[in-house]
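S.K.: Spelled out, the chains give:
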Amino acid sequence: MTDTIFAVATAFGKAGVAIIRISGPQAPDIIEKLSGFVPEPRISRLVTLRGSDELILDQALVLFFREGASFTGEDVVELHVHGSIAVVRAVLAEIEKTGLAREAKPGEFTRRALMNDRLDLTQVQGLADVIEAETEMQRQHAMRVLGGELSERVARWRASLVRAIALIEATIDFADEEVPSNVWPEVDQLLADLSTDLMAEAQGTRAARRLHSGFEVAFVGRPNVGKSTLLNTLSRSDAAIVSDQPGTTRDVVEVRLDLGGIPVTLLDMAGLRQTVDKIEEIGVRRAVERANTADLRIFLHDDGKSDFPGVSAQPGDLVVRTKIDLLEDEQNGISAKNGVGVDGLVSDIRTELEQRVSKATLASTDREATAIQDALERLHIIRKMRGGDDELIVAELQQAARALGQLIGAVDVENVLDEVFKSFCLGK
Amino acid sequence: MKQSDFDVIVIGGGHAGCEAAHASARMGSSVALVTMKATDLGVMSCNPAIGGLGKGHLVREIDALDGVMGRVADRSGIQFRLLNRRKGPAVQGPRAQADRELYAKAMVAEFDRQENIRVLLGEVVGLELEGDSRVIGVVLRDGSVVRARATILTSGTFLGGMIHIGHQRIPAGRMGDDASNVLADQVRELVPRIGRLKTGTPPRLLKSTIEWSAVQHQPGDDKPTLFSFLNSKPLVEQISCGITHTNLTTHDVIRRNLDRSAMYGGQIDGVGPRYCPSIEDKVIRFAEKSSHQIFLEPEGLNSPLIYPNGISTSLPADVQEEYVRTIRGLENVTIAQPGYAIEYDFADPKGLQRTLQLPNLDGLFLAGQINGTTGYEEAAAQGLVAGLNASLSVTGNAPYVFDRSQSYIGVMIDDLTTRGVSEPYRMFTSRAEYRLSLRADNADQRLTPVGVSLGLVKDDRQYAFGKKINELERIGRLMRERPAGQYVRSDDVVVQSTRSAHDLLRNADVDLEAVLDGFEDAERPDIADLRQVANDALYAVYIERQAQEVAALRRDEGVRIPADMDFRMLNSISFEIREKLSTIRPESIGQASRIEGMTPAALVSLLGAVRRRGRDVA
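In order, the protein sequence lines correspond to chains A and B.
Be aware that the first sequence starts at 1, since it is given in the numbering used here, and climbs by one per residue.
Be aware that the second sequence starts at 1001, since it is given in the numbering used here, and climbs by one per residue.
If you're looking for bench data, these hints aren't it; they were derived computationally from the structure.
Here the structure is a predicted model, which is why all the values come from computation and not from measurement.
It is possible that some hints are incorrect.
Said to hold, decoys possible - Computed Cβ-Cβ distance ranges for the label pairs, DEER-style:
hint	chain 1	residue 1	chain 2	residue 2	range
1	B	Glu1189	A	Asn182	42 to 48 Å
2	B	Ala1547	A	Pro180	34 to 40 Å
3	A	Asn182	B	Val1236	33 to 39 Å
4	A	Thr98	B	Gly1466	44 to 50 Å
5	B	Gly1485	A	Pro180	40 to 46 Å
6	B	Asn1360	A	Ala133	35 to 41 Å
7	B	Glu1544	A	Thr98	16 to 22 Å
What the hints assert, rightly or not - Subject to a maximum C-alpha distance of 30 Å in a straight line, what follows is the list of computed DSSO-like cross-link-like pairs (lysine-lysine):
hint	chain 1	residue 1	chain 2	residue 2
8	A	Lys105	A	Lys33
9	B	Lys1087	B	Lys1467
10	B	Lys1037	B	Lys1105
11	B	Lys1458	B	Lys1037
12	A	Lys422	B	Lys1350
13	A	Lys422	B	Lys1087
14	A	Lys97	A	Lys384
15	B	Lys1105	B	Lys1233
16	A	Lys422	B	Lys1289
17	A	Lys384	B	Lys1087
18	B	Lys1468	B	Lys1458
19	B	Lys1350	A	Lys105
20	B	Lys1233	B	Lys1467
21	B	Lys1350	B	Lys1105
22	B	Lys1233	B	Lys1087
Quick reminder that beta carbons are idealized off the backbone N, C-alpha and C, glycines included.
Bound conformation, chain A alone (with noise of 0.2 Å):
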């Protein structure tokens, strides 16, 4: 039997409509358990979703189509949600909670379509395309999502599981060499300090952060180029959100706003405000970074000149004239003190990050802290395992290996062997 997956089939449609597709046996099982009945096939139903604890997700539109009869050939469940970020969010998690079904992997509904014979094979290539695409943005999204800066760590999560692996592997497949008896102690360890690791990110300062204040847009400029100005103006705007927690760092400036569903943090750069001899390097290299490592740079300028040194435009990016009151027949930009352009812009922001709520992004915090906290229930599987036989025990930490692998990349034989290899004097 097959397992069941779901994944965000469209992120927004017209009518501000998001589609979630499920599908497998147990798709009948979860519309049921989300709803209270299950429809009847090809006939759409508005009914109302509710979680676990009863709260209301969403009026929704439900389609359900049976196997043999759907997209993949299997029983095949459609929900048709509110587009806003948080309905799509919390359904997605709810389906998460009933353990009937896991996300999709990039590809899978296709796979499934095809392997059934379902799919009209003109269509293959597109997909195929759009496949890649997604593959790429939920891979990209994953290191954003959980801060740039963790790069090391997920490195360093994959070379304590491959190393764990590695040591008990040895004492199996070279039981008649000379390895070390026991390798218990240095495995214990392992697993403590990665489990620690897990659970900090799993209760997560940055991922946290990095979970509510959704996109991240970056002021750019030269000090005294208005950007004080217009964050403050902006603060003081109905899309303001009200925070009573200060901002994170010193040399970062926060403004939360919500832009029609989508939450974004403005960030100004404190550090930049003085002028650029007296910087204190730290600040100003931190802001660079945060900067670079945002979703959207806006370059603010006054004179023409809107570059700025090590932070390079990307994609989307906008380039703003600031201070247009001091002009006569400037037309084009803003002026933050008397408000001209401001909403303008706002809206140009609000235009470009809507382009970029893709059905990757939208699940794909869940997605690493489910998977975070997969690997923490296989580690304290294995603490309970302790003991008992080696073979079950690496079988576990395959699993975790498995449960991460989207950002620790995946475990093979051959990367445990090279570890075996290194660490001991084995051959004949």
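Got chain A; can you put chain B on it based on the hints?
M.R.: This is chain B only, laid out in the frame that chain A set:
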């Protein structure tokens, strides 16, 4: 020019060749095995031992399919040890030291017993081709051509074989045997990717010159575990091995003379493995280790020779003598034969079909060390695969492909043909993702039925297996019907949480002797059979968990890619991946998915193309 007709010709009488010849013969094909010397049959080129972890599993699987290695090893085993005895059954591996002479004798006896095999003495100097796309036989040095409908090349280390001792170079396939150079030239032209590999062997020592009181002794197991499912007790005298160690003085001698080592002196081009194939490697790469273990393995009950496992080397003979004599117990040893390194041609198996047939050349199979593996067991398993499929091709039947979820044989074939080889490939249990299912103890349950349906398994084994399965079912049934209390003390905590006696068996600590006592005399099973039922119960949960994955694997394996698929035409797939597909020529979507660097998008494109082909044909 004499011409004979055989169904199958096997070139080479090593472990792959013997297994191949026997497999084809059991299938009913007429087989000719061509070898340079009659004494070649069943020769162990270096280590006089069979089995181990991963390797032992392969031997069991070969035996389950009625192959010869297990039986021959049992008949010549002089020290049996079950490795990882204290770990779970899934990672226990049977191993045995073998008497060289007895092994060869037992192998010859197998040949005598098996119908349909003719051993031809001669050197194969070329393959006889029809046009440029079909191999129809072999050409011998005396000019005669022997024709066959399928040819299996199992030349081991003989193709372009070159022995190195220090700066000395001797063209040879093995010490004392000529290399196969004429054939090598032709093979280099016919086979797509030829590389060089190297392997080493230690000096052979005279047993009588060793101070045995100065070394440790390692006896075999009290209750030896044999290889063949049909055997239960050793058939010859059992002995102990010796254990000693190198020391800092030994290492000093080696370091001082490193530039005289063939491997470090730059004479060999062959790729070395990640592990340490020689004592030189060990001393250099793990300089902080002050000693390395050496197993002193007797080559036979009546043999004057000892094989010191752990000091393979390609240093000159005089240096070997010097460093060997620094070792405890070996201070006055005489070296009967110096150790040496051998480099040889191998064919990168990437792109071979999973029947081990060459894709662009009909009628030619490659098996054994020529495909880049190391070890008798790895070679033998390939021989069986090639022999089986050669026969199937001759009778016009569909080929048989072993798969990863069913056998180590499947794991190896898939690894070789999908990933190729960059260092000598050795089997480990960690290579099997379904290790918990692929146990040495259940090889017969996994493979004998397959063998029976293919015609590979002979009557006496089929009968014995049938009996065993009936017995296992009887035990299982009885234990499911009875309450646990019948077999253990009723105040035992375990009893409360179990439903039937069978559930007791899921516990790794269950006392099987006690359970045996709980049976009535008339129904009491053999402890070996009870243990088998217990093993199956122990892992049942894990196997259940993997069942979905296995089902997905088998589904993907079931989607065949047409043999003439032109991968280069798949424009939506990147050039790099297309190249890999063209080189490896995967036979199924499953195999394609395991290609290094394969992406989900490319797989979908490929699957689409396969479906499209299917519709065009239909």
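S.K.: Would you mind marking each hint as holding or not holding in the structure?
M.R.: Now for the hints, and whether the structure bears them out:
1. Glu1189/B / Asn182/A: 42 to 48 Å: This hint is violated: roughly 53 Å between Cβ atoms.
2. Ala1547/B / Pro180/A: 34 to 40 Å: Holds, at about 35 Å.
3. Asn182/A / Val1236/B: 33 to 39 Å: 36 Å Cβ-Cβ, so the 33 to 39 Å window holds.
4. Thr98/A / Gly1466/B: 44 to 50 Å: 46 Å, holds
5. Gly1485/B / Pro180/A: 40 to 46 Å: Taking Cβ atoms as reference, Gly1485/B and Pro180/A lie about 43 Å apart, which means the hint holds.
6. Asn1360/B / Ala133/A: 35 to 41 Å: Cβ of Asn1360/B to Cβ of Ala133/A: about 37 Å, so the range 35 to 41 Å holds.
7. Glu1544/B / Thr98/A: 16 to 22 Å: 21 Å, holds
8. Lys105/A / Lys33/A: 23 Å, holds
9. Lys1087/B / Lys1467/B: Judged against 30 Å, a Cα distance of about 29 Å means the pair holds.
10. Lys1037/B / Lys1105/B: 14 Å, holds
11. Lys1458/B / Lys1037/B: 29 Å, holds
12. Lys422/A / Lys1350/B: Satisfied, since the Cα-Cα distance of roughly 26 Å is no more than 30 Å.
13. Lys422/A / Lys1087/B: 24 Å, holds
14. Lys97/A / Lys384/A: 24 Å, holds
15. Lys1105/B / Lys1233/B: Holds - the C-alpha atoms of Lys1233/B and Lys1105/B are around 19 Å apart, at most 30 Å.
16. Lys422/A / Lys1289/B: OK: Lys422/A and Lys1289/B at ~14 Å, within 30 Å.
17. Lys384/A / Lys1087/B: 18 Å, holds
18. Lys1468/B / Lys1458/B: This hinted pair holds, its Cα atoms lying about 16 Å apart.
19. Lys1350/B / Lys105/A: With Cα atoms ~28 Å apart, Lys1350/B and Lys105/A stay inside 30 Å; holds.
20. Lys1233/B / Lys1467/B: Given pair Lys1233/B, Lys1467/B holds - Cα atoms ~19 Å apart, limit 30 Å.
21. Lys1350/B / Lys1105/B: It is violated: about 36 Å lies between the C-alpha atoms, which goes past 30 Å.
22. Lys1233/B / Lys1087/B: 23 Å, holds
Hint compliance for this structure: hints 1, 21 are not met, and every other hint is.
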